[in-house]
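Visitor: Here the structure of chain A is known, so what remains is to put chains B and C in place on it, guided by the hints.
Residue numbers (numbering that gives the first Met the number 0), protein chains in the order written: chain A, 0 to 372; chain B, 0 to 283; chain C, 0 to 284.
It is worth saying that the hints were derived from the structure and are not from the lab. Do not rely on the hints blindly, as some may be mistaken.
Said to hold, decoys possible - Going by beta-carbon spacing under 10 Å, a handful of chain A positions derived as facing chain B: (1) R49; (2) L54; (3) N75; (4) P78.
Stated by the list, open to error - Here are some chain A residues the structure puts well away from chain B; computed CB gaps all over 12 Å: (5) L26; (6) P73; (7) E113; (8) F176; (9) V213; (10) N229; (11) S238; (12) G270; (13) G276; (14) K287; (15) A332.
Here the structure is a predicted model, which means the values were calculated and not measured. Cβ coordinates follow ideal geometry from the N, Cα and C atoms, glycine included.
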Amino acid sequence: MTAKTLIRIEGLTKRFGDFVAVDDVSLEIGEGEFFALLGPSGCGKTTLLRMLAGLEMPSEGRILIDGADMSRVPPNKRPVNMVFQSYAVFPHMSVKDNVAYGLKVDGVPAKQREARVYDALALVKLEDFAERKPDQLSGGQRQRVALARALVKRPKVLLLDEPLSALDAKLREAMRFELAQIQDKVGVTFVMVTHDQDEALAMAGRCALMQKGVLQQVATPSDLYEYPNNRFVADFIGSINLFEGRLAVDEPDHAVIQCPALDTPIYVDHGVTGASGATVWAGIRPEKIDMVPRHGEARPDRDGASAGHNLAAGQIRNSAYLGSETVYEVALAGGTIVKVLRSNTRRYEERGFDDGDAVWLSWHARSPVVLLS
Amino acid sequence: MTLRTRSREAKGPLDYARNWPLRIWIALVLVFLYAPLACLVAFSFNESRRNIVWTGFTFDWYGTVFGDDELITAFVNSLTIAALSTLASVVLGALVAVALWRFRFPFKPVFDGLVALPIVVPEICMGVSMLVFFSRVVPWPTDLPWPLDLGAIVIAHISFSFPFVAVIVRARLASFNRELEEAAKDLGAGEFRAFIDVLVPHMRPALIAGALLAFTLSLDDFVITFFTSGPDTVTFPVKVYSMVRFSVTPEVNAASTLLMAVTVVLTLIGLKMQGKDVAKMGNG
Amino acid sequence: MQDWRDAKGPFAAIFGAPALWLLAFFLIPLAIVWAYSFGRPTGLTDIAITGTFANYVRTADPVYLGIFAKSIWFAAITTLLCLVVGFPIALVITFASERGKALLLLAIMLPFWTNLLIRTYALMAMLRTEGYVNTSLGWLGIGPLPLLHNNFAVTLGLVYVNLPFLVLPLYSALDRLDKSLLEASLDLGAGHLRTIREIVIPLALPGILSGLLITFIPALGSYLTPDLLGGPDSQMIANVIERQFKRANDWPFGAALSFILMYLTFICIAGQGLLARRREKAGAV
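Pulled out of the complex, with its shape left as it was, chain A reads as follows (with noise of 0.2 Å):
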């Protein structure tokens, strides 16, 4: 985070009478920042955007923005506007009424709203539909009014609640980018809450992992992906084969991971910090392992398969064929099940994997996150 900070959120707790939506969450947004609060539905996100907005008030802590605090300043008084799930159009007012209503309210002068309103309609590609009525426009076109009506605030923060989970998956797609572009040109900080992932990943610079109302890990997507906190998060972001295991070495520059559901140990070229002997679980990507035709006991010369580790032998029981890859699942000897993801990089493969082919399993001693928790 290079930017200055401008939201900071301290020890926030929302409870509504015994259940705990927000747990203790602290964190701080950057200025400029495309956010975005992750989690499953009634992990809490949603509640923690709707106490930025002012929409409910925290039970605890603190919410400041721009250095002052607003934890009890109405939402009316706030640097801050939303872009609601359902979008809140005023069904009895035309799409330019709907874009001036904030600026009325706030007594901006009529001829300065009017070039306001039009250059927010023109930044949403709305200018033709300023005189249409909500229920004449799609529901794109009603997500682009939501959008145009929070941002002609110029607010400090623009908070969007599941913003795309109503349009249809191809608008959704387009939509993605230019919220994203929207953003770079305004300049505006961006806080969106979405239960998908992909979206998370694809748009925001940094994103909040909540469950359950406490925040699980606040990172970039790909240090998301790539290096998750614990088993929630890295099972939650993308899919992931987790092996619970026993940290048999734990050196500086590599850790050795014995998992009873492999035949060879786990060899990873990093050290863990975990107590030696310690339950930990190691995590591979599915596209992370190779996979090659098993003949007989000969054990195949990859990765660190010679040298006795991060090496599984299976049996093929299902696979998905998906376009761009397939997911294989494999059996172990043990009985547990890995998935395995291959791109279909070619048209025809050289050799194809069926059902019930023996196969070797290995992967990169880079390749696997341990987890301690």
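Guide: Relative to the frame of chain A, chains B and C by itself:
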């Protein structure tokens, strides 16, 4: 994922229910609504006949009420009329609702409007029409044995009650899943069987709400009964009216308290019987 | 939906009884009153239906026009007061917790289930010269104020009796609103009053109007409240109608008055329906 439960400590911007000026407003309105009734009940237990200053607790006035044959007769008449008219109103109202929901027939919008008419026609107009009808067109014999002598009043009550039942049942039928009936038929039930086994259970909450409403409407009615009743068929409201016109007496307080108790008990039973939305389904 | 011809038996069984009942015990009596309004009394109990409009002409007499005007005024001011008193209540109920909602609705509805006569009587006991209010005021050295048997008492009584009529439809209109629209308005910088004025009221308007209508109509036809709480100059249409039928024994004139009251009611309903249709056409939701 939007959580609408209200926390005790932190008030959101739309928590109008926890806004103090609004709470005071509500409290004032409730005082306005309940203070007269509370005074009425309280002073039914007051010793003093003057009914203004509290002088001591007594059940005497209730004794007087139970000793007053005319008042007791009127009370029994009212309950009898309410029971009979409720029964008929529920049947007729349910039939109307099913007919309108089930069939396409000529002049249906006209019939639909006509059924709603008793709901909107001013009570006084309905009252005079009943007066004219039962005095000129079909004079109701005055010498019939009880409860047949109440016939004219019962008929009048049914006429203004069953459209209310129809409205409630119809609203309920709108949420009926036709596939349930089709499933019943697919499983071998005949037309009538499917009606009894599937449709009637679905209508039940509405039938209970409708019955409750019809009973209260009947018990509550003064104007229409006032015009329909002969000199010998007095209902409770008509009797109380004649007592109330010129004086406020503790006997009337006691009698009113009894009727209110009946209404409250009935309402609570109704609420218990079909969950919490009776109050919401209420009157049109 | 099934065509009646495809199931004549079931249709007759279901449709027959209520249709006959409606005809015999509602439409025919009304029709007779309507016919009477074109007749004249020819004896103590006889009425000749002559097709005359004399009864309607008589209703244009300033005395009766005044009473109509007064009735409309009473009903209008009652409806307005109920709106002012009831709107905040409906707002609170809408945003209360589930439990609070149920309790408040019950609290508002319970007096409504109570007998109208008893409620009116209770008000009489409060308001009369030696009633509770004046007695309390007397201790403070004020009064006694003339609270009963005047226009004030009628207005108060009509508000007292009709308030729940308006709170319920208001509540159901507000409850249907998408709450995120209110949140959006606040989020865009509007205060609460502004949000209510520019978002809540325009969007809930159809519901508010129909609530006003179902308060106005019964208030317009009120009989008991002006009869028991009113003075000699606070009579409403219904009281005049009653007098024609019970005491003056001029049924044809009473019938004409009744039907003018009916027509007023229908005009209100039709007007509201027209308004609703216009709004629908204009595209307002």
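Visitor: Next step is simple, just say for each hint if it's right about the structure.
Guide: Status of the hints after comparison with the structure:
1. Interface restraint check for R49 (chain A): the shortest CB-CB distance to chain B comes to about 8 Å, inside 10 Å, so the restraint holds.
2. At a threshold of 10 Å, the smallest CB-CB gap from L54 (chain A) to chain B is about 6 Å, leaving the interface hint in force.
3. Because the beta carbon of N75 (chain A) sits about 8 Å from the nearest beta carbon in chain B, less than 10 Å, this interface hint is met.
4. Annotation: P78 (chain A) was flagged as interfacial toward chain B, and the flag is violated, the nearest CB pair being 16 Å apart, outside 10 Å.
5. Annotated as non-interface, L26 (chain A) keeps its C-beta farther than 12 Å from every C-beta of chain B; the closest such distance is 19 Å.
6. The beta carbon of P73 (chain A) sits about 5 Å from the closest Cβ of chain B, which is not more than 12 Å, so the claim that it is off the interface is violated.
7. For E113 (chain A), the shortest C-beta to C-beta distance to chain B comes to about 30 Å, beyond the 12 Å cut-off, and the non-interface label holds.
8. In this structure F176 (chain A) is separated from chain B by more than 12 Å, as the shortest Cβ-Cβ distance comes to about 26 Å.
9. With a closest Cβ-Cβ approach of about 16 Å to chain B, V213 (chain A) is found to remain outside the 12 Å limit, as its non-interface label requires.
10. Against chain B, the non-interface label of N229 (chain A) holds: every CB pair exceeds 12 Å, the least being about 23 Å.
11. Interface exclusion of S238 (chain A) from chain B stands, the closest Cβ pair being 24 Å apart, more than 12 Å.
12. Every C-beta of chain B lies more than 12 Å from that of G270 (chain A), the closest at about 41 Å, which supports listing it as non-interface.
13. The beta carbon of G276 (chain A) sits about 42 Å from the closest Cβ of chain B, which is more than 12 Å, so the claim that it is off the interface holds.
14. No beta-carbon of chain B comes within 12 Å of the beta-carbon of K287 (chain A); the shortest separation is about 34 Å.
15. The Cβ of A332 (chain A) lies farther than 12 Å from every Cβ of chain B, with a closest approach of about 43 Å, so its non-interface assignment holds.
When the structure is compared with the earlier hints, violations turn up for hints 4 and 6 and for no others.
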